[in-house]
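**Student:** Sequence:
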Amino acid sequence: MTCDVCALDDRRFFIYVCHQCDYVVHKRCIYSLYIIKISRHEHRLSFTSSFLYGEWFCGICRRKVNQNYGGYSCMKGCYYVAHSQCAIHKDVWDGKELEGEPEEIYESIMPFEEISDGIIKHFSHKHHMRLLKEVEKTNKINKHCQACAFHIYEGDIYNCLECDFVLHKVCAYLPIRKQHVLHPHPLFLQEENLQTTFGCSACFRLCNNFRYVCQMANCLFTLDVNCAAVSVPLNHQCHPHLLFLPSQPGSARISIGGEGDIGRTVKAPTSCHLVSDRLGEH
4 MTCDVCALDD RRFFIYVCHQ CDYVVHKRCI YSLYIIKISR HEHRLSFTSS
54 FLYGEWFCGI CRRKVNQNYG GYSCMKGCYY VAHSQCAIHK DVWDGKELEG
104 EPEEIYESIM PFEEISDGII KHFSHKHHMR LLKEVEKTNK INKHCQACAF
154 HIYEGDIYNC LECDFVLHKV CAYLPIRKQH VLHPHPLFLQ EENLQTTFGC
204 SACFRLCNNF RYVCQMANCL FTLDVNCAAV SVPLNHQCHP HLLFLPSQPG
254 SARISIGGEG DIGRTVKAPT SCHLVSDRLG EH
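Sequential numbering from 4 applies to the sequence shown in this note's numbering.
Because the hints were derived from the structure by calculation, they are not lab data.
Given the structure is predicted, the values throughout are model-derived calculations rather than measurements.
Just so you know, even glycine gets a beta-carbon here, dropped at the ideal spot from N, CA and C.
Any given hint could turn out to be false.
In silico BS3-like pairs for lysine-lysine, Cα to Cα no more than 30 Å straight-line [stated by the list, open to error]:
{"#": "1", "residue 1": "Lys79", "residue 2": "Lys93"}
{"#": "2", "residue 1": "Lys129", "residue 2": "Lys146"}
{"#": "3", "residue 1": "Lys181", "residue 2": "Lys124"}
Quick list of the computed label-pair ranges, beta carbon to beta carbon [claimed, not checked]:
{"#": "4", "residue 1": "Leu245", "residue 2": "Gln23", "range": "18 to 24 Å"}
{"#": "5", "residue 1": "Lys129", "residue 2": "Val173", "range": "17 to 23 Å"}
{"#": "6", "residue 1": "Asn221", "residue 2": "Ile118", "range": "35 to 41 Å"}
{"#": "7", "residue 1": "Gln70", "residue 2": "Asn238", "range": "25 to 31 Å"}
{"#": "8", "residue 1": "Lys129", "residue 2": "Pro105", "range": "37 to 43 Å"}
{"#": "9", "residue 1": "Pro105", "residue 2": "His244", "range": "24 to 30 Å"}
{"#": "10", "residue 1": "Gln240", "residue 2": "Gln70", "range": "32 to 38 Å"}
{"#": "11", "residue 1": "His147", "residue 2": "Glu106", "range": "38 to 44 Å"}
Produce the complete structure using the sequences and hints provided.
**Tutor:** So this is what it looks like as structure tokens:
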């Protein structure tokens, strides 16, 4: 018998049945949470017993949602829906019921103080930095960005007035706080530490550049800023379809391009079999 809440015919769980209207619900689903917030969508989701007529696809697993059964939908009306069990998976949901709770409003904190026109004081560095526009390859700047660790080739950069510290302009604007699809908790930007390395929780490479870290107690989730920059869905030049993360982050990892080069999988829609590891240089 199919549960009207989760749309699954799972005989491992006890069920309750209404003999008057044939309503069926698993014992585990009977206390389904009404309002939740997941990492895969910017707005809160609310539980609905059925969906409006139409073709719906789960924003997490990308599979079709049966409109006659329960699931979660966006409270802001942006047509985002999710299967009940996908939405409450530990990798996308922080375990909190938000019914009756006011929405948290976070102020956007700039990562630097603007001293004067083109001069900033970045939180990660003790000296002032100057904006250099349209740096070209011919300038032969033999430096790498302290945030992303890539070499400076061209484009706008911020260069320290007193030492060799340099940042791509786009890296200088990295937000202090970030909600990322790979983790249910907010992440906070930390500067590089040349004395220690960290393992990125997405690509598993050892890094010592800027990173985003979870500040929840006993949570060690850390993202290299390059992995943190990957958005979902991803439109990549290597493939004609939009790319999405697996429905259960962390459960599907592959090795491509060399022994030990292990990373998080990015998938095309379910009818397509393309997978890609970190998608090159992002």
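**Student:** Decide, hint by hint, whether the structure agrees.
**Tutor:** Hints, verified against the model:
{"no.": "1", "hint": "Lys79 with Lys93", "result": "holds (23 Å)"}
{"no.": "2", "hint": "Lys129 with Lys146", "result": "holds (19 Å)"}
{"no.": "3", "hint": "Lys181 with Lys124", "result": "holds (21 Å)"}
{"no.": "4", "hint": "Leu245 with Gln23: 18 to 24 Å", "result": "violated (44 Å)"}
{"no.": "5", "hint": "Lys129 with Val173: 17 to 23 Å", "result": "holds (22 Å)"}
{"no.": "6", "hint": "Asn221 with Ile118: 35 to 41 Å", "result": "holds (39 Å)"}
{"no.": "7", "hint": "Gln70 with Asn238: 25 to 31 Å", "result": "holds (28 Å)"}
{"no.": "8", "hint": "Lys129 with Pro105: 37 to 43 Å", "result": "holds (38 Å)"}
{"no.": "9", "hint": "Pro105 with His244: 24 to 30 Å", "result": "violated (39 Å)"}
{"no.": "10", "hint": "Gln240 with Gln70: 32 to 38 Å", "result": "holds (35 Å)"}
{"no.": "11", "hint": "His147 with Glu106: 38 to 44 Å", "result": "holds (40 Å)"}
Going down the numbered hints, you'll see the structure goes against 4, 9, while the others check out.
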